[in-house]
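*Asks:* What follows is the residue order along each chain.
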Amino acid sequence: MKLATDACSLINLDSGGVFANVLNLPGFEWNVGPLVVQECGALQALQDAIDAQKIVLLDDGLLGVETFMSLRRKYRLGPGETECIAFATTLGVAVCTDDRRAREAVVAEIGATRLVGTIGLLKRCVMSGIMTSSAAFEAYGRMLAAGAFLPAMTAADFA
Amino acid sequence: MERLRRILLSKKKTPSDLAKKSGVEMRRIDEILAGAEATMAELRAFASALRVQVTEFLEPVENAEPVRMLFRHGFYRQEPPSADAEEPVARAFTQALELLGTFAPPQRWFGAVPVVEESYKGAEELSLWLRAHYCDGDYIGPVQGLAELMEQTLGIPVIVGGGQIDGSSVVRRGWPMAYVAMRTFAPRMLFTLAHELGHLLVHHDLSREAAFVDEDIEQAAWGKSKAEKFVDAFAATLLVPSQGIGIAFQKIREILSIKPDAPVGDIEIVFLSRIFGVSFMVAASRCEAVELLPKGGGASLYEQVKKEYGNPELKADALGIPAREEIDFPSFSRILMDEATRGVAAGSVSIGRAAEILKTTVASVVTSNRPALH
Numbered sequence: 000m001k002l003a004t005d006a007c008s009l010i011n012l013d014s015g016g017v018f019a020n021v022l023n024l025p026g027f028e029w030n031v032g033p034l035v036v037q038e039c040g041a042l043q044a045l046q047d048a049i050d051a052q053k054i055v056l057l058d059d060g061l062l063g064v065e066t067f068m069s070l071r072r073k074y075r076l077g078p079g080e081t082e083c084i085a086f087a088t089t090l091g092v093a094v095c096t097d098d099r100r101a102r103e104a105v106v107a108e109i110g111a112t113r114l115v116g117t118i119g120l121l122k123r124c125v126m127s128g129i130m131t132s133s134a135a136f137e138a139y140g141r142m143l144a145a146g147a148f149l150p151a152m153t154a155a156d157f158a
Numbered sequence: 000m001e002r003l004r005r006i007l008l009s010k011k012k013t014p015s016d017l018a019k020k021s022g023v024e025m026r027r028i029d030e031i032l033a034g035a036e037a038t039m040a041e042l043r044a045f046a047s048a049l050r051v052q053v054t055e056f057l058e059p060v061e062n063a064e065p066v067r068m069l070f071r072h073g074f075y076r077q078e079p080p081s082a083d084a085e086e087p088v089a090r091a092f093t094q095a096l097e098l099l100g101t102f103a104p105p106q107r108w109f110g111a112v113p114v115v116e117e118s119y120k121g122a123e124e125l126s127l128w129l130r131a132h133y134c135d136g137d138y139i140g141p142v143q144g145l146a147e148l149m150e151q152t153l154g155i156p157v158i159v160g161g162g163q164i165d166g167s168s169v170v171r172r173g174w175p176m177a178y179v180a181m182r183t184f185a186p187r188m189l190f191t192l193a194h195e196l197g198h199l200l201v202h203h204d205l206s207r208e209a210a211f212v213d214e215d216i217e218q219a220a221w222g223k224s225k226a227e228k229f230v231d232a233f234a235a236t237l238l239v240p241s242q243g244i245g246i247a248f249q250k251i252r253e254i255l256s257i258k259p260d261a262p263v264g265d266i267e268i269v270f271l272s273r274i275f276g277v278s279f280m281v282a283a284s285r286c287e288a289v290e291l292l293p294k295g296g297g298a299s300l301y302e303q304v305k306k307e308y309g310n311p312e313l314k315a316d317a318l319g320i321p322a323r324e325e326i327d328f329p330s331f332s333r334i335l336m337d338e339a340t341r342g343v344a345a346g347s348v349s350i351g352r353a354a355e356i357l358k359t360t361v362a363s364v365v366t367s368n369r370p371a372l373h
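Protein chains in written order, with numbering that gives the first Met the number 0: chain A, 0 to 158; chain B, 0 to 373.
Do not take every clue at face value.
What follows is a list of derived Cβ distance ranges for each label pair [claimed, not checked]:
no., chain 1, residue 1, chain 2, residue 2, range
1, A, Ala-155, B, Arg-207, 50 to 60 Å
2, B, Glu-36, A, Gly-40, 22 to 32 Å
3, A, Ala-51, B, Gly-22, 55 to 65 Å
4, B, Glu-36, A, Met-126, 16 to 26 Å
5, B, Asp-215, A, Ile-49, 40 to 50 Å
6, A, Gly-40, B, Arg-207, 50 to 60 Å
7, B, Leu-313, A, Pro-150, 36 to 46 Å
8, B, Glu-55, A, Lys-53, 31 to 41 Å
What the hints contain is simulated information worked out from the structure, not anything from laboratory work.
Glycine included, each C-beta is placed from N, C-alpha and C at the ideal position.
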């Protein structure tokens with residue numbers, strides 16, 4: 000699955016200490032748009048991943064302003080979140096976001112099958128043996144401690 | 000693209016300048032200006048070349064018209080500001096309302112504000128009331144943390160923005176809010192904020208939507224309405240309290256070895272202005288009000304200082320008068336951030352949109368949601 004990833008999910012993966020693990024998840028191609036990169040500011044893990052070509056910078060020369068603006072008017076999201084959905088509608092990629100409002104917009108625009116978030120990714124890491132369930136739950140706890148806006152989960156949810 | 004054209008005009012740049020700086024071909028810029036659809040990559044190149052945010056080129060998603068309507072019907076207004084001047088302020092208030100909940104919290108101070116006459120004496124009574132109730136009864140010291148006081152104690156969101164308009168206050172959906180434009184001379188911003196607080200305390204009614212717009216806070220007094228003069232007096236007496244002037248003068252004269260019976264000179268006023276975080280003219284006007292200076296004495300001293308040193312700050316520096324304490328204007332309103340984190344959790348606003356409105360980073364919105372902070 001080819002993903003356009005937003006800033007909050009990248010920040011959550013970083014604060015959970017699982018950035019590198021999740022990027023190694025089989026079956027996913029990681030992409031990020033220029034506005035999301037701007038929103039992430041000095042997120043070193045993102046810069047390292049782009050330098051190492053683990054995350055590919057998407058070409059926003061392919062995005063028309065009208066596409067972007069109509070999505071912005073429709074969902075009133077931030078620039079990076081709107082950019083993710085614009086890439087999804089233009090290039091057919093899926094979207095990775097943890098933001099509740101952005102997730103609702105993704106479902107409405109392209110459907111739930113092309114939506115992922117960090118909790119789903121952690122669960123996939125457990126299923127594919129990249130991480131133990133307790134490591135995934137601890138990562139989730141670190142994300143919450145750093146301020147992530149994530150739903151309440153228990154250790155059993157990651158088993 | 001009308002917004003691109005307007006930004007070029009406001010930045011005094013030509014399409015050819017833009018082509019050179021952005022790397023986008025001149026022919027393509029002409030096409031875009033004539034109405035062709037730009038790509039997001041082109042907009043980013045323009046934004047980088049003109050040093051603005053990409054979103055500046057995009058049509059606003061918020062409808063600022065209701066706030067603009069309040070500006071147009073602003074009380075005590077003499078000249079309406081131009082649409083260009085009022086746009087950033089109207090947008091800032093509208094965006095703030097996007098973050099604020101539907102129901103404003105009850106404002107404890109509202110209803111408790113004493114009824115005073117619109118005179119200098121009344122303004123001083125009001126500033127003493129505020130100091131008694133919201134500054135721990137401190138009738139002497141500077142109030143350089145006014146923005147924090149308004150936010151944390153009075154529950155008034157303070158928005159720091161840009162643009163030509165110095166300040167504005169608004170009540171909308173029951174929320175009182177103050178706007179102050181970023182200026183290089185922070186004392187001007189502090190005075191503007193105190194002025195807006197005066198409007199909110201006396202001229203606004205939380206049950207009625209209204210706005211005040213103050214384009215030029217330093218406009219000469221003769222051109223101002225009675226209401227504006229009143230809130231100027233409130234700001235001056237709040238920031239430079241009468242009791243504080245007396246104590247400060249004693250100290251200043253001790254430090255500078257000036258005889259107690261010597262007439263007040265520009266050096267003491269410069270010193271006083273630095274202690275209380277106000278301009279020379281505000282400090283001088285307060286000295287006139289407490290009869291340490293004759294009427295018009297402040298303006299004469301100001302002219303003299305300007306002639307000798309260029310401006311009072313240069314004189315203060317030349318005389319080695321201690322530097323001003325920093326006047327703190329937070330980069331974003333704490334109230335708006337708290338409301339934004341609630342809104343993000345509830346799904347009424349996205350993290351990215353909240354960060355955009357607060358002019359901060361997505362990481363900062365996430366950090367504000369750390370459990371220890373709640």
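*Asks:* It remains to establish, for every hint, whether it holds in the given structure.
*Replies:* Each hint, compared with the structure:
Between Ala-155/A and Arg-207/B the beta carbons are some 54 Å apart, a value that agrees with the proposed interval 50 to 60 Å. At roughly 29 Å, the beta carbons of Glu-36/B and Gly-40/A sit within the given window of 22 to 32 Å. For the pair Ala-51/A and Gly-22/B, the beta carbons lie near 27 Å from each other, so the given range of 55 to 65 Å is not met. The given range of 16 to 26 Å is broken by Glu-36/B and Met-126/A, whose C-beta atoms sit roughly 43 Å from each other.
The supplied range of 40 to 50 Å is met by Asp-215/B and Ile-49/A, whose beta-carbon atoms lie about 47 Å from each other. Checked against the hint of 50 to 60 Å, the C-beta distance between Gly-40/A and Arg-207/B comes to roughly 42 Å, which is inconsistent with it. Range check, Leu-313/B to Pro-150/A: about 59 Å between beta-carbon atoms, so the 36 to 46 Å window is missed. Remark: the range hint 31 to 41 Å for Glu-55/B to Lys-53/A is upheld by a beta-carbon distance near 32 Å.
Comparing the model with each numbered hint stated earlier shows that hints 3, 4, 6 and 7 do not hold.
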